[in-house]
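Trainee: Sequence:
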Amino acid sequence: MAAGLAAVLVISAPYVVPNGIETFQLIAAREDPVKFADIRLARLTPADYETAIDAALQDGDTDLAASLVDLADQRDVMLPGSLLDRVDTETAGKSGLSYQLGEIWNGAITGKADSAAGLAGAVALDFTTIGDVRDILMQGEAYLNGEHFDPLILGLSIAGLTMTGAVMLSVGTASPPRLGVAAIKAAGKAGKINKSLLKSFARLSTRTVNTKALGETLPLLKAGDFSRASKVATGAFNAAPLSTMQKSATELGTVMTKNGVRAGTDVLKIADKPADIAKLGKLSSGFSKRFRAVLALLGSGAIAGFGWVTAAAGWSATFLTWLAGAAWFGFRAIRLSWRFALLPLGRMLARSLA
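Counting from 66, one number per residue, gives the positions in the sequence shown under the working numbering.
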C-alpha cells in the first residue's frame with residue numbers, strides 16, 4: 066500500500082502541487098482583481114499570446130490585437146516579428162476615416178455593435194434622453210397593454226431617464242452613466258451580453274417596473290414634459306433594483322471612457338452578474354489599455370467569479386488530499402527509518418547486557 070501511495074504522490078505531484086499552490090494564492094488575492102489576474106497571467110506561454118493575437122486579427126479586432134502586443138511587451142513575452150508586422154499593417158488599414166465612418170453609419174442604422182465604431186453609432190442616439198423616451202414609450206405601451214415587451218430595454222430606459230445628470234435633449238458630453246446605459250441597451254439588441262448577466266438585468270428590470278408608475282410617466286413623456294416625467298419616475302419606480310442597474314451602468318460607462326468602447330462589450334460578455342462589472346471595473350483601472358488583452362487571455366477567469374469558486378473548491382480539496390497523503394507517507398517513512406536505525410543499536414545493547 067505504501068509503495069502504491071508513493072507512486073501516486075510522485076506521479077501526481079507535477080500537476081497537483083503547482084495548481085494547488087496557485088489556487089491558495091488566488092484565494093488570498095480574490096478581493097484584489099489586479100493581483101488575481103496577475104497570478105493567472107504568470108502561467109501563460111508565448112503561444113497563448115500568439116493564438117489570441119491571431120484570433121483577434123481574424124475577427125478584424127485590431128484594437129484587441131494591439132492590446133495583446135502591449136501586454137506581451139510589458140510582461141517580457143517574446144513574439145515573432147512577422148506577427149508584430151502583421152498587427153501593425155492591419156491596425157493601419159482599419160484606422161482610416163472612411164472605414165470608421167462606414168462602421169458608425171451601420172451601427173446607427175441597425176442599432177447593432179459589430180465593431181468599436183459600430184457600437185459608437187448604435188449608442189449615439191441614446192447619449193441623450195431622447196433614446197430612453199422612445200424606448201419607454203414603445204416598451205411601456207406594450208407592457209401596459211399586456212403585449213410582448215423587452216424587460217431589459219424598458220428597465221434600462223427607466224434607469225437612464227431617472228439617472229442624475231442625464232443629458233436632456235442635447236448631445237453634449239456623454240457621462241459614464243449615460244454611456245453605460247446606452248451601451249448595455251445596444252449590446253442587448255445585438256445579443257452581445259452574457260446570458261447570466263442578461264437574466265440578472267431582466268429580473269432587476271421586472272422588479273423595477275410597476276403599472277401605476279408607468280401609467281403616470283407615459284402621459285408626461287407623450288406631452289414632452291421630460292423633466293417632470295423624470296421626477297415622477299424617480300419617486301414612483303422601485304428604488305433598489307433601479308439603483309443596482311444605475312450603478313452597473315455607471316461602472317460600465319467608466320470602463321468605456323477609460324479604455325474604449327469595445328472594452329465595455331468585453332465586460333458584458335464576461336460578467337455573470339452586476340457585481341462582476343464592479344470587479345472588472347477595478348481590473349480595467351489596473352491594466353489600463355492592456356485590459357482587453359487580459360480579458361481575451363483569461364476570459365471569465367480574470368476575476369473570482371462563480372466558475373472560479375467551483376474550480377477552486379475542487380483544487381483545494383485535491384491539494385489538501387495530496388498533502389494529507391504526503392504527510393502520512395512521510396510519517397511512515399520516518400518511522401521506518403527510525404526503526405531501522407535503532408535496530409542495530411538495540412541488538413548491540415542486548416549483547417552487551419547478556
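It is worth saying that the hints were derived from the structure and are not from the lab. A hint or two may mislead.
Claimed, not checked - DSS-like cross-link-like pairs, simulated, lysine-lysine; straight-line CA separation at most 27 Å: (1) 312 - 257; (2) 338 - 260; (3) 277 - 347; (4) 100 - 334; (5) 277 - 257; (6) 334 - 354; (7) 100 - 338; (8) 296 - 347; (9) 287 - 334; (10) 100 - 296; (11) 334 - 277.
What the hints assert, rightly or not - Simulated restraints on C-beta separations: (12) 120 - 96: 26 to 32 Å; (13) 141 - 271: 47 to 53 Å; (14) 206 - 92: 26 to 32 Å; (15) 150 - 110: 49 to 55 Å.
Computed from a predicted structure; not experimentally measured. No residue lacks a Cβ here, since even glycine has one placed at the ideal position from N, Cα and C.
Trainee: A separate judgement is required for each hint: does it hold in the structure or not?
Mentor: Against the structure, the hints come out as follows:
Distance check on the hinted pair: residue 312 and residue 257 sit about 20 Å apart at the alpha-carbon level, within 27 Å; holds. Distance check on the hinted pair: residue 338 and residue 260 sit about 10 Å apart at the alpha-carbon level, within 27 Å; holds. For the given pair, residue 277 sits about 38 Å from residue 347 by alpha-carbon distance, which is inconsistent with the 27 Å threshold. Under the criterion of a C-alpha separation no larger than 27 Å, the hint pairing residue 100 with residue 334 is consistent with the structure, at around 22 Å.
Only pairs whose Cα atoms come within 27 Å are accepted, and residue 277 paired with residue 257 is rejected, the gap being roughly 32 Å. The hinted pair formed by residue 334 and residue 354 meets the criterion: a straight-line CA distance of about 18 Å does not exceed 27 Å. Distance restraint check for residue 100 and residue 338: the Cα-Cα separation of roughly 21 Å lies within the 27 Å cut-off, and the hinted pair is therefore satisfied. Using a Cα cut-off of 27 Å, the hinted pair residue 296 and residue 347 is violated, with the two alpha carbons roughly 32 Å apart.
Taking the CA atoms of residue 287 and residue 334, the gap is near 35 Å; set against the 27 Å cutoff, the hint is violated. At most 27 Å may separate the alpha-carbon atoms for a hinted pair to count; residue 100 and residue 296 exceed this at roughly 42 Å. For the given pair, residue 334 sits about 34 Å from residue 277 by alpha-carbon distance, which is inconsistent with the 27 Å threshold. Look at residue 120 against residue 96: about 31 Å separates their beta carbons, and that is inside 26 to 32 Å.
One distance hint, 47 to 53 Å for the beta-carbon pair residue 141 and residue 271, holds here, with the actual separation near 49 Å. A C-beta distance of roughly 50 Å is found between residue 206 and residue 92, which places it outside the suggested range of 26 to 32 Å. At about 21 Å, the beta-carbon gap between residue 150 and residue 110 misses the expected band of 49 to 55 Å.
Hint check: violations occur at hints 3, 5, 8, 9, 10, 11, 14, 15; the rest are consistent with the structure.
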